[in-house]
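A.B. asks: Sequence:
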Amino acid sequence: MSGHSKWNNIQGRKNAQDAKRGKIFQKLSREIYMAAKSGGGDVAMNPALRLVVDKAKAANMPNDNVDRAIKKATSSAEEANYDEVTYEGYGPGGVAILVHALTDNRNRTATNVRVAFTRNGGNLGETGSVNYLFERKGYIAIEREGLAVDEDTMFEDVLEAGAEDLIAAPEVFEIYTAAEDFTAVRDQLEKDGFTLAQAELTMVPQTTIVLDDEQKAKLEQLVDKLEDDDDVAEVFTSMEN
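My numbering applies: residue 1 is where the sequence shown begins, and numbers increase by one.
One or more hints might be untrue.
[As the list claims (entries may be wrong)] Cross-link-like lysine-lysine pairs, in silico, DSSO-like; alpha carbons within 27 Å at most:
#1 K191 - K23
#2 K57 - K23
#3 K55 - K23
#4 K23 - K218
Don't read these hints as lab results, they were simulated from the structure.
Note that the structure is predicted; figures quoted are calculated from it, not measured.
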């Protein structure tokens, strides 16, 4: 999966996200609410909820916030309605962009997303215009520091666990799985004693685009504006990292 390494992008955005921690917790609470509302509040019995709770833990979201979101979803006294919406478009250099949102007001969110694209060198497209360029995959990262496992052994271990591919980056082993196999692979690697630095379902571009420094800066500005919106949950691009 040349060009599909996510780790540098994850680390590169971490500091920026730290500055917006309160907003990130708010978005995660909404995702937890949605997962618990549709599948129940028991993490052990609701795979979708476990995914979001793991994501919240990775973002250092306090347990009280997680519990409060689950309680809100499972309490008959609380009721909120969110729609899952995907927006598609292109950014600087022709990079494909997918925007996943959870919103209680589609008109507001659509307007905000369109403005973000228009004012930051992008173009909002029609439904289906870029979605086909991405594939749903499981992504797992295991940090290599202190790990007494070489690349060949790790490759054998992850294939045995059911993964599709392994990228041996300098700092981490990056593992990709089919979306339907993600939970089983994640659980098996944890059972094997590995500590997972990142584990999530993501959208992987089938082809990537190399940007020059100016285009990259413009794209990062566009992505920042999109992620600043309270309704936007995730943004994926086809930029080569």
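A.B. asks: If a hint holds in the structure, say so; if it doesn't, say that too.
C.D. replies: Against the structure, the hints:
no.: 1; hint: K191 - K23; result: 33 Å, violated
no.: 2; hint: K57 - K23; result: 15 Å, holds
no.: 3; hint: K55 - K23; result: 15 Å, holds
no.: 4; hint: K23 - K218; result: 23 Å, holds
When each numbered hint is compared with the structure, a violation occurs for hint 1 only.
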